[in-house]
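Peer 1: Protein chains in written order, with the working numbering: chain U, 1 to 679; chain C, 1 to 164.
A portion of the hints provided could be inaccurate.
[As the list claims (entries may be wrong)] Listed next, the stretches of chain U that the computed footprint assigns to chain C, with coverage defined by at least 3 CB atoms under 8 Å from CB atoms of chain C:
1. 369-376
2. 381-389
3. 407-417
I should point out that these hints are in silico values taken from the structure, not numbers from a laboratory. In this text, a Cβ means the ideal position worked out from N, Cα and C, and glycines have one as well.
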Amino acid sequence: MKFSISKVLIHATTALGAFGTELELQVGLNVVKAPNTSGKSTSLQAVLYGLGLERMLGPRVETPFGHVLTEYLREVADGPSFPVLASSVEIELKNDRSEILAVHRVVRGDTDTRLVRANITDAAGAETRRDFFLHDPGSVQREDGFHNYLARFIGWDLPEVSTFDGREIPLYIAAIFPMLFVEQKRGWSAIQGPFPTFLRIQDTARRVMEFLLDLDVGNRRRRRIELEKQIGRLESEWAQARQHLTSRLGNLSRLQNIPSRPVEGFSSSPSIDIEVYLEEEWLALHEAVDYTQSQVDELESVELQTTEDLVPALRLELVETQNDVANLETRVDELRLDMAVTRTEIQGFQNRIAALRKDLARNQDAQKLEKFGSRLGRAASDHTCPTCHQELDAELLPVTQVKGMAIEENIRFIRSQIDLYSASAAASEVEANNLRLMYNSIAAELSEKLTRIRQLGEALRRPSGATDRSSIEQLVRLQARLKRLESMRSEADGMVDRFSAIADALDKLRPDLAAVKSDDFSEADVRKIEFFEERLQKRLVNFSFKTFRASEIHISREDFRPYGIIFDKSGEYVSRELGFEMSASDAIRMKWSYYLALLDVALRFDTNHPGFIAFDEPDQQAIESKDVKSFLLEAAAFGSNAQILVAATAEKIAGFDAELAEAGTKILGFSGYTVQRRV
Amino acid sequence: MAILQPHTPFTFRERPSPVPGDLRIAWRYALNLVILNRSRAKRSSLARLYILNDAARASNDAELLEDILIGAADSSRWRIKVEPALGRALDLMVGESLLHWTTVSNRVGVELSATGLSLAAEIDGDEEIMTQEKSRIRSIASKLTEARVTEFLTVKADHEVLDF
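Sequences are here, hints too, so could you generate the full structure?
Peer 2: Written out as structure tokens, the structure reads:
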């Protein structure tokens, strides 16, 4: 048992003095007994209010009490009424770590009703005073939120669940509690819950039951979401690193082996391959560095000569360089043409894609028109001519030998065409990009050669004796290029580790993700659910459930609600929802059986169920004394393994309180109103 | 490695051909119904339908027609196309009693029947179907009167007037 309630105290101050009640509860079954309409519910509602859970009844419920603690109360049924000046509730709880939590909350008075004053006694007996708040956003997540503390006190690690508006929030205690507390007015109207909807949690019943039963499938799902988030973060880090690298490399090089999304196995042989377009070919970066380095070395080793000696060599070089320039200019023109051709190709693909999309929209329109069916006539719906009844397989196509595609197939066809052309367009874009890089590189080289021609021209015109400046200038240029290439390399080297680390982290996470991929119940889950079903059926028999045979009742594997599978007249198995079929008394029997069966599972397996249930009284007329007796005796049979709190009308249990007491039940009896004058 | 072993017999089976969306019978019915629904007295001459047929299906044609109708372009720029699919669709629709043949401005035309009218109203009112085409029709149909259609059919070449 994760927690039990040891005391419930209610205070009300009126003009006539103090009123109130004090209930000391034990572990095991506790029955609050009073005559009809004597406010037994008030004691149970005080538990809800004290724990700040009145919102489980609806988002705008301020207090669950009627007039009793909020406006006026009476001493006797037909006596005068006294206005309530102030009122409050105190609850004391114990948990399985020997801690005691005593809370005080005002119902009516000057203090904010969202304030919970707590006295906490730890296992060693040391007391601390703390204040908490309720209902403000974040009260489940923040340290000074009462439900945050309450969850920890009970020993619950609340899981995150998805809402309808795409947020993730903790599974609020107010969503869980309807499975532990059956409230008088609405609690009996549904087998599960009813759950508050204002929290907008998706699949509330399923999530709450998964949590209470501590099913692996829920834990697995959460782990999967967590892992997918981490993987998503790593993938975006990779993309950013790649982006950073390409921007640093500039527009003369291309990155060969870093895909836009990380691949497996990258970290086993990490490297970054960069290619540079140099002198009309794509070279790997290290080759380009070596080549340029050798050019530099060559130039450096040659002694500087005077221009006069060099004239024949310079003249030769001038002619060669002029040839080179002519070649490069031709190449530039070729590339311009290629680029234009590729652009036209891309445009062509995009036009085709636009036409396909238009055709897709029309075929989709035709599909939507199918709903008009035969009103459009035989030609449209049956594809036969209205006058001669000939087949119109080809729709309005001119060639009659052809059979036209059905609309769905046509739509699939068009979509696959769109995919095809989009892929071609994408490939052409890559080609266009490569062309642009080559163009940039050649343009740069061209510009260098023109400069060289100018330098050679100047050198040849210079008076003899002057040192050959041109080779110095060339050397400087080559050294600059070498520096650029080397800085690219160091940039890449610096990032290899980063990519490697990301790829590594991803490689580690992927097998973890694969392990939690499946959405199936584990074996342990299946055992719990089967036991739940078995115990539910057993209790239905004990309580004389009539709507279906107990063996026909099963637990849904989707949301764990009970439903019937019966063998119908035509010999088939059909499933039946219970909601509309059960009488009021059978609904009560089902609710008893379901909640007690859940407790059975909690005692047999490891779950998150706290071992506490409360039942406020159902509609009196709906259920007979003898059924209430079987229910209470079964509840008593749990003994000290659980705490069950029940409100019952004195008349209904009149015949068997002795038997109950013998079974270990604590009966808290009131002869009149539960909230009495204090002396 | 060969894809197929040599001498493997195989057959070709004819597959259905894709049908352009605007040649789907239901689509054409819907287009014609919407055009007639937005025409005066729910009727139109055949010539007018041919013109609107092109304008409704292509946006550059629609723009050209609109320019002509507001006087920003000359009517000789428009080429009247006689699309065979339109005639086939109209024949079928008359066969279904959605339309009947009539005379409009001394020319052959069609008019919506009672069933055709109610179907047209519903299709026109459904906002998910044929949104592009409907917006083009909406801006053009009322401007293209039968009188203006006569203009399109009359070719002025110097001092000669040729009637079609």
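Peer 1: Confirm or reject each hint.
Peer 2: Status of each hint after checking the structure:
Proximity of the region 369-376 of chain U to chain C, defined as three or more residues with a beta carbon under 8 Å from a beta carbon of that chain, is established by the 5 residues found. Look at the region 381-389 of chain U against chain C: 5 of its residues bring a Cβ nearer than 8 Å to a Cβ of that chain, three or more, so the hint holds. Counting residues of the region 407-417 of chain U whose beta-carbon sits less than 8 Å from any beta-carbon of chain C gives 5, enough to reach three: the coverage restraint holds.
When held up to the earlier numbered hints, the structure conflicts with none and fits them all.
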